[in-house]
Amino acid sequence: MSTVSEQRILVLGVGNVLLTDEGVGVRVVHELMAAYDFPPNVKLVDGGVLGLSLTGILMEADQVIIVDAVRGGEEPGTLYRFPWEAKPEHIQYKDSLHQIDLMETMAMLPLLGQPPAMVVLGVEFGDIDNYGLELTPSVEKAVRPLMDLVLKELEGLGAPGAPKAQPQKVTNVFGHSS
Amino acid sequence: MAKYTIDPITRIEGHLRIDVEIEGGKVTNAWSSAQLFRGLEIILQGRDPRDAPWITQRACGVCTEVHALASIRALDDAVRVNIPPLARIARNLVHGAQFIHDHPVHFYVLSALDWVDVVSALKADPKKTASLANSLGDYPSSGVADFKAVQDKLKTFVASGQLGPFANGYWGHPDYRLPPEANLMAVAHYLMLLRLQVKAARMMALFGGKNPHMQTYVTGGVTCAQDMLDPDRLAEFLYYLKEMQAFIDNVYIPDVLAVAAFYKDWGAKNIGGTTNFLAYGNFPLNSGRYADEKFFMPAAVIMNRNIGAPAAVNPELITEEVKRAWYKDGPALNPAKGVTKPLGKPRYNYGGKYSWFKAPRYQGKPMEVGPLAQVLAAYAKGQPQTKALVGAVLKHLNVPASALFSTLGRTAARAIETKVIADQMAAWVTEAIGLIKAGKIETAAEWKWPGETMGFGLIDVPRGALGHWVHQDAKNKIKNYQLVVPSTWNLGPRDAKGQLGPVEEALVGTPVADPKQPLEIIRTVHSFDPCIACGVHVIDPDTNEVRKFKVC
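Protein chains in written order, with my numbering: chain E, 1 to 178; chain S, 1 to 552.
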């Protein structure tokens with residue numbers, strides 16, 4: 001029986017960074033990677049809009065924290081936390097353009113073995129219809145609180161992050177090395 | 001005449017809409033429509049060209065590497081840099097791994113269930129399944145206990161009510177022809193592939209830099225110098241390759257042949273076939289501009305199914321038309337001069353505009369791209385490995401070469417291409433080791449901004465011919481950027497002359513047993529591996545179950 005601190009934790013930011021608020025989960029993961037150090041049992045991954053190719057990463061975790069944009073009908077910027085299994089039939093990925101998205105990949109995991117426990121930390125989006133690399137102001141304002149929510153979740157799992165002595169700056173996730 | 005709309009056509013939600021007219025049990029007319037505007041071209045304008053590979057690979061959850069590659073090839077071309085041999089091999093290895101991952105995933109996860117009835121597998125006798133498997137070939141894990149275990153797993157899965165990937169099937173459709181035992185065998189291999197693709201994904205990541213998004217390709221070469229020079233890394237790559245080769249040889253190819261044997265009339269009647277084929281070429285064997293490049297998988301244009309007369313590819317003959325697409329009308333333009341002017345309020349009009357895809361044409365003709373085009377090109381150009389394998393497959397099934405022009409041929413070509421590429425990759429690793437031993441360890445060439453310039457990057461990717469065109473201004477910013485992606489070629493709409501797009505042409509004549517269960521149509525559409533790029537996805541919870549935290 002593994003102890004709490006030994007469990008393998010995956011923080012998975014998902015979403016399309018080209019579609020305004022849709023990429024907020026990816027942004028939060030990049031911000032966390034730039035500003036915090038985490039215990040070795042914690043892995044942070046920018047999952048983008050990948051689906052099936054995340055299978056390995058998901059199955060190698062005991063606990064997954066998914067960070068994503070959420071449609072909950074509240075004001076943009078509202079934060080959410082819910083366990084993945086709470087009501088999976090009511091969780092739908094909208095407008096996914098490929099056949100195998102994350103939702104379908106999750107549904108396949110039981111075919112492969114014991115899937116990880118999953119919790120979703122999310123934020124109500126403002127705009128996910130227009131192409132744009134910047135978040136809308138209310139979602140931008142929610143980035144820090146969402147980061148804190150992830151940190152709190154990790155702390156609860158016995159795997160707290162520690163602020164880096166020299167945090168790196170995240171401008172956008174496309175920064176080429178010039 | 002009754003029109004039927006199939007939307008979405010992908011297994012879960014999608015943005016490809018197919019409309020068909022059916023008369024006398026056959027499709028008599030078809031329309032393929034992309035339902036979402038892709039604004040990548042617009043987002044790229046004014047940006048540093050080096051952003052393009054990073055941005056374009058974010059468009060899609062499957063095609064990350066391929067857009068990065070086409071984009072970087074366009075940038076290499078724009079600044080006129082020749083990449084060093086070791087960089088070329090690194091790119092070939094990463095790109096090859098992409099095929100070895102994507103093609104088997106396509107067969108098992110995205111299309112096999114159009115031919116294999118999962119529910120029927122529940123009725124199979126595991127003992128008879130084992131005998132069947134042993135009679136067909138040298139399959140691994142083919143004991144009675146293995147099939148019993150798969151069946152039990154499947155039963156548990158179905159009993160849980162969470163059908164997942166099996167939720168939207170037309171189970172029990174009269175045109176599912178495999179006996180329960182063959183269905184169970186296929187399901188067993190579906191599960192095998194699901195596990196194995198994890199390793200294929202790792203293989204892509206080995207030289208691909210930061211997993212899971214590709215960061216290796218840079219203008220002038222690759223950044224993975226350390227990894228390329230590391231013998232342990234090369235050995236690890238070969239280890240995964242060997243495992244994938246065993247699966248391709250002992251499971252994937254035999255399964256395609258086994259399924260095809262039940263559907264040979266689809267080949268004989270050319271169901272799902274098209275007329276013209278375009279392959280840009282793949283896996284460069286030298287460095288240089290496109291016209292001077294030689295490819296392991298050759299470039300060719302094949303018109304009117306005439307595999308006796310392959311022509312060279314001239315990129316200037318590529319145009320895109322917008323007459324039937326939701327863009328402002330204009331002339332057919334080469335992508336180098338392409339414009340993207342979307343209409344504000346698209347209205348679906350069967351006789352007019354009906355898709356967000358433009359209609360790409362070569363010499364004014366619609367062209368099928370993808371594995372069938374790539375295999376036909378290699379076959380027509382006499383590439384020995386492809387020629388031998390195509391011959392062996394035709395002989396095994398006892399069908400003529402004309403059967404290739406079909407949905408079945410497309411499915412077989414995908415498997416053939418996978419094997420040809422996988423079998424070549426070890427040779428590239430050997431070549432890389434030779435270069436390293438000879439001290440030719442450069443992985444990126446120097447280059448300078450040339451002032452205003454244009455470039456293009458053409459390459460075949462798992463879904464077909466992919467092209468990126470870039471126009472940089474004197475300040476080294478993107479002035480214009482155009483992508484013509486495989487699914488635009490295959491799934492694009494009619495043109496000004498009314499010529500049907502390839503998937504539309506492929507669907508006409510398809511028999512449909514029950515219009516309410518358009519399984520036969522889905523087979524052909526899926527065989528093109530539709531990928532209309534880029535996701536929007538948002539979690540929509542039952543609000544009663546959600547805990548909320550207000551942001552101060």
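Read the hints as simulated data drawn from the structure, not as lab findings. Keep in mind that the hints are not guaranteed to be accurate.
[Claimed, not checked] Once the Cα atoms are required to be at most 20 Å apart in a straight line, the calculated SDA-like pairs of lysine to any residue come out as:
no.: 1; chain 1: S; residue 1: Lys365; chain 2: S; residue 2: Leu317
no.: 2; chain 1: S; residue 1: Lys199; chain 2: E; residue 2: Lys169
no.: 3; chain 1: S; residue 1: Lys479; chain 2: E; residue 2: Gly132
no.: 4; chain 1: S; residue 1: Lys153; chain 2: E; residue 2: Pro115
no.: 5; chain 1: E; residue 1: Lys43; chain 2: S; residue 2: Leu206
no.: 6; chain 1: S; residue 1: Lys199; chain 2: E; residue 2: Gly132
no.: 7; chain 1: S; residue 1: Lys341; chain 2: E; residue 2: Glu60
no.: 8; chain 1: E; residue 1: Lys169; chain 2: S; residue 2: Lys341
no.: 9; chain 1: S; residue 1: Lys345; chain 2: E; residue 2: Lys43
no.: 10; chain 1: S; residue 1: Lys3; chain 2: S; residue 2: Phe37
no.: 11; chain 1: S; residue 1: Lys155; chain 2: E; residue 2: Glu60
no.: 12; chain 1: S; residue 1: Lys345; chain 2: E; residue 2: Met59
no.: 13; chain 1: S; residue 1: Lys155; chain 2: E; residue 2: Leu109
no.: 14; chain 1: S; residue 1: Lys199; chain 2: E; residue 2: Asp127
no.: 15; chain 1: S; residue 1: Lys199; chain 2: E; residue 2: Ser138
no.: 16; chain 1: S; residue 1: Lys153; chain 2: E; residue 2: Met59
no.: 17; chain 1: S; residue 1: Lys199; chain 2: E; residue 2: Leu112
no.: 18; chain 1: S; residue 1: Lys477; chain 2: E; residue 2: Gly132
[As the list claims (entries may be wrong)] If you want a taste of the chain S side facing chain E, the calculated C-beta under 8 Å gives, among others:
no.: 19; residue: Val109
no.: 20; residue: Ala149
no.: 21; residue: Lys153
no.: 22; residue: Lys155
no.: 23; residue: Leu193
no.: 24; residue: Arg195
[What the hints assert, rightly or not] Pulled from the structure, derived: some chain S residues nowhere near chain E, Cβ distances all over 12 Å:
no.: 25; residue: Gly25
no.: 26; residue: Asp146
no.: 27; residue: Gly439
no.: 28; residue: Asp473
Backbone N, C-alpha and C define an ideal beta-carbon position, used for all residues, glycine too.
Outcome of the hint check:
1. Lys365(S) x Leu317(S): Satisfied, since the Cα-Cα distance of roughly 10 Å is no more than 20 Å.
2. Lys199(S) x Lys169(E): Violated, because 33 Å separates the two Cα atoms, which is more than 20 Å.
3. Lys479(S) x Gly132(E): Roughly 18 Å separates the two Cα atoms, so the pair holds.
4. Lys153(S) x Pro115(E): holds (14 Å)
5. Lys43(E) x Leu206(S): Holds, at roughly 18 Å.
6. Lys199(S) x Gly132(E): With a Cα-Cα distance of about 34 Å, the restraint between Lys199(S) and Gly132(E) is violated, given a limit of 20 Å.
7. Lys341(S) x Glu60(E): violated (45 Å)
8. Lys169(E) x Lys341(S): This hinted pair is violated, its Cα atoms lying about 36 Å apart.
9. Lys345(S) x Lys43(E): violated (44 Å)
10. Lys3(S) x Phe37(S): violated (24 Å)
11. Lys155(S) x Glu60(E): violated (25 Å)
12. Lys345(S) x Met59(E): violated (44 Å)
13. Lys155(S) x Leu109(E): Holds, at roughly 15 Å.
14. Lys199(S) x Asp127(E): Distance ~36 Å between Lys199(S) and Asp127(E) Cα, so the pair is violated.
15. Lys199(S) x Ser138(E): Roughly 40 Å separates the two Cα atoms, so the pair is violated.
16. Lys153(S) x Met59(E): Holds, because 18 Å separates the two Cα atoms, which is no more than 20 Å.
17. Lys199(S) x Leu112(E): Holds - the C-alpha atoms of Leu112(E) and Lys199(S) are around 14 Å apart, at most 20 Å.
18. Lys477(S) x Gly132(E): Roughly 18 Å between the alpha carbons, so the hint for Lys477(S) and Gly132(E) holds.
19. Val109: holds (6 Å)
20. Ala149: violated (12 Å)
21. Lys153: holds (7 Å)
22. Lys155: violated (12 Å)
23. Leu193: violated (10 Å)
24. Arg195: holds (6 Å)
25. Gly25: It holds; Gly25(S) is separated from chain E by about 28 Å at its closest Cβ, greater than 12 Å.
26. Asp146: The assertion about Asp146(S) holds, with a minimum of 15 Å to chain E.
27. Gly439: holds (26 Å)
28. Asp473: At about 17 Å from chain E, Asp473(S) clears the 12 Å cut-off, so the statement holds.
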